[in-house]
Amino acid sequence: MSEHPKADILTPLILRIAVAWRGLFAVLAAAVAITAWVGGLPEAPTWQKVLLSLFLSIAALLSAFSAQQLAVRNHRGRIISLALDYLAFVASTVMVLNVGEVFIGIDALGETFGRGLPYLGIVIVGYFLSSLDEYSNRKRTSEQSLKQVGRWVMIFGFILFLWQVDTVSGVLYFLGKLAQPAGLVSVAGMVIFGAALWGMGRQPTAVALRAKTSHEQILNGWLFLSPNLLGFLIFFAGPLLLSFYFSFTDSDAFNTPNWIGFANYAKILNIRFATLTSPTQLARDVVDIKIYDEVGRLVIGNWGILFAAADKFFWLALRNTLTFALFAVPLSVLPALVLSNVLNSKLTGMKFFRAVYFMPSIAAVVGISLVWQWLYNATIGYINYFITLGIEFWNNLFNLAVVDPKIQWVSDEKTALFAVILIAAWQTMGFNTVLFLAGLQNIPGELYEAATVDGAGAWDKFWGITLPMLAPTTFYVVTTTTIQAMQVFEQVFILMNPPEGPNNSTITMVLYLYRSGFQNFKQGYASAIAWVLFIVIFGLTLIQFQRQRQSSIYES
Amino acid sequence: MKIQSYRLVRFLNNFFLYLILTFFALVMIFPFLYMLTTSFKTPADTFRYPPRMMPRNAVTTTVAGYDEPLPLYYVDVDGQQKQYALAKSNIKVGTYAPASDLTSTVERYLTEVKPTGGATNQQKVEVNGKQEKLFDVTVDGQVIPMILISQTTVGEFVDPQAPETKVYRNVRLSEPVESLGGHPENYTEVIELNNMARALTNTALVTILVVLGQLLTSVVGGYAFARLKFPGRDTVFVFYLGTVMIPFVMLIVPLYQLMVLIGWTDRLAALIIPWIFSAYGTFLMRQHFITFPKEIEEAALIDGASRLQILRQILIPASVPALATQATFTFLYAWNSFFWPLVIINVGNEKNHVLTLALNVLRGRASDTPNLILAGAAIAIVPPLIVFIFGQRFFVESVASSGVKG
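Protein sequences, first through last, are from chains A and B. If you want my numbering, it's the 1-based position in the first sequence plus 77. If you want my numbering, it's the 1-based position in the second sequence plus 30.
Incorrect hints may appear among the rest.
Dumping the calculated DSS-like pairs for lysine-lysine here, alpha-carbon to alpha-carbon at most 25 Å [said to hold, decoys possible]:
hint, chain 1, residue 1, chain 2, residue 2
1, A, 289, B, 324
2, B, 122, B, 196
3, B, 144, B, 196
4, B, 144, B, 118
5, A, 599, A, 126
6, B, 163, B, 144
7, B, 381, A, 254
8, A, 289, B, 259
9, B, 160, B, 144
Which chain B residues face chain A? A few, computed with CB under 8 Å, are given here [claimed, not checked]:
hint, residue
10, 50
11, 58
12, 61
13, 284
14, 290
15, 298
16, 299
17, 407
What follows is a list of derived Cβ distance ranges for each label pair [as the list claims (entries may be wrong)]:
hint, chain 1, residue 1, chain 2, residue 2, range
18, B, 45, A, 477, 25 to 33 Å
19, B, 53, A, 519, 24 to 32 Å
20, B, 242, A, 462, 42 to 50 Å
21, B, 46, A, 628, 29 to 37 Å
22, A, 374, B, 211, 51 to 59 Å
23, B, 151, A, 490, 55 to 63 Å
24, A, 473, B, 196, 35 to 43 Å
25, A, 258, B, 271, 38 to 46 Å
26, B, 376, A, 94, 46 to 54 Å
Derived by calculation from the structure, the hints in this document are not laboratory data. Backbone N, C-alpha and C fix where the C-beta goes; we use that ideal spot for every residue, glycine too.
With the rest of the complex left out, here is chain A:
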């Protein structure tokens, strides 16, 4: 209470400075925006200049508006002012970290981190010690001491960790880097914007501008959301828009991209169908092979259709990806449906089996694919060995002479894609089982009891109750599994050598995207592939959604 008179002197001063500061900010932002556009950044691509000057112009306008609002003591001015200063403060902090090479320095931390890792273990032990008191029923005093001990262990462990990873020299390096013009400017920015934030954020200023609780909620809300939202805009929404832009350019990641309109999409969709007069007729007789390559042909008797495309690999990839999804989704969903029903029968050991089925889905796809690569080995692999044993058993049982096929799983173009499908189905089945199980446990038991009273058998109950009641879960499982299947990449990349497989039999959409974008560096084209893939996925999801809605309408 006694500080009130003092605050009353300070607050009007702060407000007066704030109005001037907002004016200055507006002028500076506008000046930088104009310089950037006029030619201050000769090397930057157009989209960067546009973005930068757009942001700065908006900031300048808002800042001027805020200055006017603050001058008439309107609280809206405070909110805008805080938002602008906050963004500028974050920007200068990022600049400080960048100039101090903190982001790049993570690499150096990778070198020493291994030494510090055991000491992080001490921190974790300390954490467990300090959290033990919530579970212990002992007297208050001993709990307190346990908590204290845990805290000290944590601090001790963390200091040792910092020492081991060479924090001291890291900090010294950071400070050394800051002592250059860019660093000093950024630090100055942090200080100025920080001071502005403090001046506007303090309680007396808020009171002087007649802030309400709802205003505090607005500020808190955006403040709490801001780390997430900024990251989301920079690393998700922004790139998504950029991707759309790139798909209309010939971007190669390093040179300035040129706008080429729909050329990328036109190339992808440039296809020809031609009728064949004989099944063995060559592609060059019916299409212009300077532009088109044969993708496939459909032959019925003496008549046939040839399918040719300007980009044959895209269509092969689409074919393979759809084939993959067509088999991998049912193979991982149907067994999961069966297993979840078995697991739901309340037998002992259900949780054990559930955990075992779940295991494949948490293992790294790369590691799993390596393991399967050796299981698939044609001469020493277990899969062919089991097939051999099975055939021998069969032959002995029925006195037959079935020949052991000795399948060349990954090097035969007929089986290569199927080998990938098996791995994917094996890996996602357990996850789907757990999802189905959850859906099953939500079905009220009374339904089954009523059905039993009506004399329904187990099979009737499954068709009449389980399946319809499980429809939402099924929809979810099928949709997510399909979306995942359409993006198959890692299994193919590891299992196949080369990843396209024998005769392009395992080239998939994402693999082709990777090859176009990061091996041939046709990144504009790769972006177009990404958008086509997205449309395909979106279409499949929409179809499933429609079917789901139709079936639920039908039920009700």
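Fit chain B to the given chain A structure using the hints.
Here is chain B on its own, set in the frame of chain A:
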């Protein structure tokens, strides 16, 4: 009588169900077992056919008169199977017979037999219309010219108790004496061969930072969505929801260009910073916080607590299971991710490799030693499995309740 038949039916029914469950459990667990056991084998052991599950060691024994311990083999001696030590291998033996009687064969070392008439002017004889070279073979002290019918390589096996007893058998057809036993040194070998130690620490570093960062941003963001009213909140939330279904591959090209722009290609920062902001994680946290009773919070607000204090002292301690679940998911995602590291970290820049990238390199580097490759795979796969076994109960529970797709 009736009750008994009911019991029988139930027993058969359960038996059948357990049969299905066990079959699938074996299918699920077999590749893991194969990976672990193979990673402890010797290279020769991995290439054996028919394949065997358990790793084995060749049994060796010291025999008087030999410096090094010799491997033991099962050898047929006078119709009895005995364990003899292999003293010498790659001994060339020829089967010889006189041209007049091809069925009366004798066996001699190639080195003991000289060409008839000297090496420069070797005599020949016609057998079945073909010219065959003649050799001087000593039989019972007599030198008889014979022709070489066939030639094999054998090993010299000695009785460990009586080293003077020697027999000669084909080594490849003899079965070695083996005992169960692993080779854990495969792991140190693969770590040295492929910089796996560095990849492991890099992966741990990346994973820890991504998990911590993502928890932090998701918790505060989720709290804002769940509890604070501000204009634009619902619009942003719908926006977040709309992007949850967008596949990551959509972003890979522009994100790569962004990394080129800020100079993070080939840097660990590129594997960390973009991944600590997750729309999905925020969504899940919001769903969790929204179930939390509002009254406690309102009481704290009246007591003058700030929003941050409420979050730190009331909400977070009460949300440990939800946080742990999300941490586990993020852990798995960060630990197992491959596509983005493949794009952003150069193959040659091995000091910034994460485990999945190291495995990709190892695949080419150790293609003839499956034991090493699978040891590498185990290094990448086992830590998440350990996390899973510890957190298994509520982890699986929460998948079941929230329907998260990993």
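Status of the hints after comparison with the structure:
1. A:289 with B:324: At roughly 20 Å apart (the allowed maximum being 25 Å), residue 324 (chain B) and residue 289 (chain A) satisfy the hint.
2. B:122 with B:196: holds (16 Å)
3. B:144 with B:196: Holds: residue 144 (chain B) and residue 196 (chain B) sit about 24 Å apart, inside 25 Å.
4. B:144 with B:118: holds (22 Å)
5. A:599 with A:126: holds (23 Å)
6. B:163 with B:144: holds (11 Å)
7. B:381 with A:254: holds (23 Å)
8. A:289 with B:259: holds (13 Å)
9. B:160 with B:144: With a Cα-Cα distance of about 21 Å, the restraint between residue 160 (chain B) and residue 144 (chain B) holds, given a limit of 25 Å.
10. 50: holds (6 Å)
11. 58: holds (5 Å)
12. 61: holds (5 Å)
13. 284: holds (4 Å)
14. 290: This interface hint holds because 6 Å falls under the 8 Å limit.
15. 298: holds (5 Å)
16. 299: holds (4 Å)
17. 407: holds (4 Å)
18. B:45 with A:477: 25 to 33 Å: holds (30 Å)
19. B:53 with A:519: 24 to 32 Å: holds (27 Å)
20. B:242 with A:462: 42 to 50 Å: holds (46 Å)
21. B:46 with A:628: 29 to 37 Å: holds (31 Å)
22. A:374 with B:211: 51 to 59 Å: holds (57 Å)
23. B:151 with A:490: 55 to 63 Å: holds (58 Å)
24. A:473 with B:196: 35 to 43 Å: The hint (35 to 43 Å, Cβ to Cβ) holds, given that residue 473 (chain A) and residue 196 (chain B) are roughly 41 Å apart.
25. A:258 with B:271: 38 to 46 Å: holds (44 Å)
26. B:376 with A:94: 46 to 54 Å: Cβ of residue 376 (chain B) to Cβ of residue 94 (chain A): about 51 Å, so the range 46 to 54 Å holds.
Checked against the numbered hints above, the structure violates none of them.
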